[in-house]
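There are 2 protein chains.
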Amino acid sequence: MSTLEPGRGTHVVTMRDVAKAAGVSVATVSNVINDKPGARIGDEARQRVHNAVAELAYRPNMLAKTLSQGTSRFIGLVADAIATTPFAGQIIHGAQDEAWKNGYVLLVANTDGNQAAEDEAIAMMLEHQVQGILYSTWYHREITVPPMLQQTDAVLVDCFASGSGLASVVPDEEQGGRSATEGLLAAGHRRIAFINTTTPSPAQSGRLAGYRAALDAAGIDFDESLVFLATPEQEGGFVSTTDIIASGASAVFCHNDRVAMGLYDGLREKGLRIPEDMAVMGFDNQDVIAAHLRPPLSTVALPHYELGAAGVRMLLGLESSSGAVPTLIACPPILRHSI
Amino acid sequence: MSTLEPGRGTHVVTMRDVAKAAGVSVATVSNVINDKPGARIGDEARQRVHNAVAELAYRPNMLAKTLSQGTSRFIGLVADAIATTPFAGQIIHGAQDEAWKNGYVLLVANTDGNQAAEDEAIAMMLEHQVQGILYSTWYHREITVPPMLQQTDAVLVDCFASGSGLASVVPDEEQGGRSATEGLLAAGHRRIAFINTTTPSPAQSGRLAGYRAALDAAGIDFDESLVFLATPEQEGGFVSTTDIIASGASAVFCHNDRVAMGLYDGLREKGLRIPEDMAVMGFDNQDVIAAHLRPPLSTVALPHYELGAAGVRMLLGLESSSGAVPTLIACPPILRHSI
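Chains as they are written, first to last, in UniProt numbering: chain L, 1 to 339; chain F, 1 to 339.
Just chain L, with the same shape it has in the complex:
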């Protein structure tokens, strides 16, 4: 441990590299290196592993390697709520896959929006000499950049900070709103209501802009009396039922799938059928809900996996990014049976 070689470039040799060079599994490499008793490995494979280790100058201790190079193969991910939403998980998943693909390991910290926990998480990551930090929120919003984030490279994922100069990657809310509305237009609807959220947010303004753009392109005048506001949960959709029916609309674009689920309950209670009496379009493509409503919900997917993956690519300089304007990721429509 006292004779550390200096690193020979930026690529740290991992067990995976050794396994590839030797034509064996990572598990076999690990067993050979750690001289695991009882592991049944042929002499020939064992020799190939030893040769690959020597050739690649592999050192089992990643930390020693990291230390000699001044930066680690870690990327930090600070998230406000990976646990309390079924959404953010896919951001982590995408970030992890992309990090691994490039030989990095993701350090994940869930802070639940707690400032002290966030400071500690970032401090911990700086102490571990991360290559940079992805800072992510569970829904798309503008944030104030934590001052400590300035001490390393950072990319904002599913959030942005105007004027901060930090690169950012967010869902294309306007395109999503346009695609959702176009789905209803394509099914022949002309009088389309929109249940938007009561919460001011990029999703609120972006999806509305997309709804208006789609109507405009179809030559339909925007009618403000067809836009309703509701809390973005099942309860909000349910209480909107009466207004929706009274509006004379034949189709509804809902701010999200939870609102659509509540509207389903409300329409059913009034004896209306979906889509025969009312077509319904959601937003989010939420895992345990969208595909499992009766009828299965047509919706627009939030591209969480892609947001995480793109964030890592931008952090590593593999994808261009701008500190001035967020990079937009498309929200693809998912057509099922509610329109």
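These are calculated hints, taken from the structure and not from any lab test.
Short, incomplete list of chain F residues facing chain L, as computed with Cβ under 7 Å:
| id | residue |
| --- | --- |
| 1 | V26 |
| 2 | Q96 |
| 3 | H292 |
None of these values were measured; they are calculated from a predicted model. Where is the CB? At the ideal position from N, CA and C, for every residue including glycine.
Fit chain F to the given chain L structure using the hints.
Quick look at chain F alone, frame taken from chain L:
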């Protein structure tokens, strides 16, 4: 970087320790240590930080510290699917909170049940000299222990491996099934149907055992014709509707909340009211579903957060564990308005 001090015990001094000793925030410590220009910190606070750094012999480079001690302050968490289920997130959350509380950082790897990804994740963790590994599955089941896991301390979370000698922490399925059934008994029901899953699993057998135990304790004979099998999703609950009505039951215990959600749809379609015509009890307390059905669903919660936290405590030796029998965590009943 060439004059590493040997560690002075097992506790690694972190920025948090320095902040505590100096009576300032972690952010202030970071700013002082990194000599951040523009940070407005009083001379007096700055001095206190410097004093605390000297007193505690704090070294900003955690990796150097780790290297000098031979093990790191990392705990690994290998999960099969943190991303594709809204469940496992809380396991991570609990594990992270408990790890941080004890000065450890959680390294999370999502493997999606892919053997090669799993081997790589474990290899990566061994390379980073983790203190040990939590191996977790997104639903409670028996697993075959990955051979590489034997190369470090390990605790199984939400899974177990009979005869492996590894400590394990799992939900108490039988108590959960008993509590669910007791909730229906307490509301005066005597003829209680059970929609169990078609998938053989500890949840399938444990919840059935709990259902039987509760009936037994209430002096009600077990009637096999009241137990139905269905896929553990909304669709399974929906198609069970006819059988449930034909059974003459006044209440139903559903294998999980998704099944209950599908049954809600089915009962509504038949014109039956919940709970007046049929009482419904779920299992899981799934975040975006249970509280938001109409009426809000009474259910039993899976203790995911506690599973993660207990796993860390067992790994660190802060909580006793047995290699012979899994440690059981209680599933608390959550009463809402469906019974």
